[in-house]
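Just so you know, the sequences run in chain order A and B.
Residue numbering for the first sequence follows my numbering, beginning at 1 and increasing consecutively.
Residue numbering for the second sequence follows my numbering, beginning at 166 and increasing consecutively.
Don't read these hints as lab results, they were simulated from the structure.
Misleading hints may appear alongside valid ones.
Calculated cross-link-like contacts (lysine-lysine; reagent style DSS-like; alpha-carbon spacing at most 27 angstroms) [to be verified]: (1) A/LYS34 <-> A/LYS105; (2) A/LYS105 <-> A/LYS88; (3) B/LYS226 <-> A/LYS34; (4) B/LYS226 <-> A/LYS98; (5) A/LYS34 <-> A/LYS87; (6) B/LYS222 <-> A/LYS108; (7) A/LYS28 <-> B/LYS226; (8) B/LYS226 <-> A/LYS105; (9) A/LYS108 <-> A/LYS98; (10) A/LYS88 <-> A/LYS108; (11) A/LYS28 <-> B/LYS173; (12) A/LYS34 <-> A/LYS92; (13) A/LYS34 <-> A/LYS108; (14) B/LYS222 <-> A/LYS162; (15) A/LYS28 <-> A/LYS105; (16) B/LYS173 <-> A/LYS34; (17) A/LYS105 <-> A/LYS92; (18) B/LYS222 <-> A/LYS105; (19) A/LYS28 <-> A/LYS98; (20) A/LYS34 <-> B/LYS353; (21) A/LYS98 <-> B/LYS173; (22) A/LYS162 <-> A/LYS108; (23) A/LYS28 <-> A/LYS92; (24) A/LYS87 <-> B/LYS227; (25) B/LYS291 <-> B/LYS353; (26) A/LYS87 <-> A/LYS98; (27) B/LYS291 <-> A/LYS92; (28) B/LYS227 <-> A/LYS28; (29) B/LYS226 <-> A/LYS92; (30) B/LYS227 <-> A/LYS105.
These numbers come from a predicted model, not from an experiment.
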Amino acid sequence: MNNSKQNTDFETRSLDTICVNESHLEHKWYHNIKYLIIGLLFGVVFIKAEIISWFRIQEMFRFQSFHMYGVIGSAVLVGMISVFLIKKFNIKTIYGEKIEFHDKKFNKGQIIGGLIFGLGWAITGACPGPIFAQIGTGVTVMIVTLFFAIVGTWVYGYFRDKLPH
Amino acid sequence: MEMIEFIKQPWAWYIAGPLVGLTVPALLILGNKNFGISANLRHACAACLPANISFFKYDWKKEIWNMFFIVGILIGGVLAFNFLSNPNPIIINDDLRTELATYGILNIDGMLPTAIFSWENLFTVKGFLMMVFGGFMIGFGSRYAGGCTSGHAISGLSNLQLPSLIATCCFFIGGLIMANFILPLILKL
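The following block holds chain B by itself, in its conformation from the complex (with noise of 0.2 angstroms):
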């Protein structure tokens, strides 16, 4: 019992951090697969609307690989947040828990603040910059990017790529500008 008791905290980085970089050579030993999610993506649009788009004219099939490894988080996050899950309220910085409840963001339970993300304000200005237009980013910029986190900057810093470093501090100052200068206005909303 004390195992599992020890694995229901909060893991620190320096435990999380080295796991998450042995995916690395975990996928190129098991099978020669370059670690990169934001693929997912756009074998999606080659499985189901390649609209003959040279870009999505490629055999997907072969990347079905990354579609487990994707089934893999969503089954493990349901596992781990149902059975594993921290029982202590979450411990966030007091300057940004001051600044989110002046939002109106007072629970900040789980991974996602429920005032914004829910489907009640999918279609509420605010909801929909959040969610729709959000997702919409991730997906446009990190195709156009050529990668997302886990390809540039796991994957490609681990292969030391000029232009993962590249990538990866533009994805920086986007989150840097978003965060410091624009979410506060949408989050004013």
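Just chain A, same shape as in the assembly (with noise of 0.2 angstroms):
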């Protein structure tokens, strides 16, 4: 048993994920239910729009087509309108709670892990989320890409504090 405290101080929270639950309720575990279908709809558009297609992002680094501009451009735009619409009218979620949004505070991670991301995102044509629809049209080895990234993800932790920020 491990009874080191655990670590909920937002501070590093946020500095490390941007993508947090920020429900303050509980729920029985059937309402994530929705997220299913949500992902699952995400799914087929990576895959009907060949947005997780290495072929597709190879061209799109290569300046060889507007496809994938089209798409990260749009999908943008509609964040940005939707996310300024939220708070304009202050809308709420399904369950009544307020949507809250959180600042994003600069440090070299971005730029170095960003650049090292990116080098990853080009050689694979995968992000975090592709490689499970990619794993989905049944190239299995992806599976081994996912698991190395799992790993990587674990060496960051472990060298965290040691690397710069």
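Assembling the complex is the task here: the two chains are given apart, and the hints tell you how they should meet.
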């Protein structure tokens, strides 16, 4: 048993991940099914628009096609408008909670880590999301890539204090 | 039937992009969840091997919604690939096709070149660099940067975060360097 204190400090948490659960409500597990359905639709879009295609990623980084720029650009635009509307009209969650946003703080990791991530993105044609859809298309060897992405995350956590931030 | 035929065509960017963008408000409105996928890799570490590293000591069960989300992506991938797949050959840029052919990549069906991404190639130098080392860089880099394409480029930019813009630019610079200067050398191996 490990009795050491859990890391609940929000400062650390927000520095390391902006992908967090801001809800303070507790729900039964089956409430999570709705996220599975959103994920499912998201996976279908990934395949149908070939966003997870290694070939499309190569085209993007070689400026040989507009497709990926169009996808990412219009996604960001729709996301921006959505967030703006949520803030402006103070839209609540379906449970009536206030929707929370937190500002990101700059640190050197966004540059160094960002460059390393970019290298990995171009070589595998995958980001942490698309990799699941790639596995879904039957390229089961990508499970190995996923495993080593988890290993990479762990190694970062291990050396975190020694890395420049 | 016409609807199914319509869906089976590859989707244009102006259909797919807005749908991806709508994931941001959908997750926020459904339960105050910030869209970002690389966090799952951290949750996997926290769940399986926290090893007394403070970075992995947090209540990962609180973030279990995100694991449901990625299981959804996996199922979506299986369904779309098997039932909604485009019956026509994939069209890629001619220059890219010509260049890939010089590396022996002739089959461009599917989402990944099977001439490289296969179990048989895992223990070749090329396969190891691309699948194992590539995966490592995705995981290490995205956590070091505090997010990946979804967390920074989509979520972060949607909320007008400057650090996310810096990270997104660096993702692209890294990708440009790899695709144009390093990857051709690896593919020649």
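Cross-check of the supplied hints:
| no. | hint | in the structure |
| --- | --- | --- |
| 1 | A/LYS34 <-> A/LYS105 | violated, 31 angstroms |
| 2 | A/LYS105 <-> A/LYS88 | holds, 23 angstroms |
| 3 | B/LYS226 <-> A/LYS34 | holds, 17 angstroms |
| 4 | B/LYS226 <-> A/LYS98 | holds, 22 angstroms |
| 5 | A/LYS34 <-> A/LYS87 | holds, 23 angstroms |
| 6 | B/LYS222 <-> A/LYS108 | holds, 23 angstroms |
| 7 | A/LYS28 <-> B/LYS226 | holds, 12 angstroms |
| 8 | B/LYS226 <-> A/LYS105 | holds, 25 angstroms |
| 9 | A/LYS108 <-> A/LYS98 | violated, 32 angstroms |
| 10 | A/LYS88 <-> A/LYS108 | violated, 32 angstroms |
| 11 | A/LYS28 <-> B/LYS173 | violated, 36 angstroms |
| 12 | A/LYS34 <-> A/LYS92 | holds, 17 angstroms |
| 13 | A/LYS34 <-> A/LYS108 | violated, 36 angstroms |
| 14 | B/LYS222 <-> A/LYS162 | holds, 18 angstroms |
| 15 | A/LYS28 <-> A/LYS105 | violated, 33 angstroms |
| 16 | B/LYS173 <-> A/LYS34 | holds, 25 angstroms |
| 17 | A/LYS105 <-> A/LYS92 | holds, 25 angstroms |
| 18 | B/LYS222 <-> A/LYS105 | holds, 22 angstroms |
| 19 | A/LYS28 <-> A/LYS98 | holds, 20 angstroms |
| 20 | A/LYS34 <-> B/LYS353 | violated, 45 angstroms |
| 21 | A/LYS98 <-> B/LYS173 | violated, 39 angstroms |
| 22 | A/LYS162 <-> A/LYS108 | holds, 13 angstroms |
| 23 | A/LYS28 <-> A/LYS92 | holds, 20 angstroms |
| 24 | A/LYS87 <-> B/LYS227 | holds, 25 angstroms |
| 25 | B/LYS291 <-> B/LYS353 | holds, 9 angstroms |
| 26 | A/LYS87 <-> A/LYS98 | holds, 10 angstroms |
| 27 | B/LYS291 <-> A/LYS92 | violated, 50 angstroms |
| 28 | B/LYS227 <-> A/LYS28 | holds, 12 angstroms |
| 29 | B/LYS226 <-> A/LYS92 | holds, 24 angstroms |
| 30 | B/LYS227 <-> A/LYS105 | holds, 23 angstroms |
Consistency with the previously given hints fails for numbers 1, 9, 10, 11, 13, 15, 20, 21 and 27, ordered from lowest to highest.
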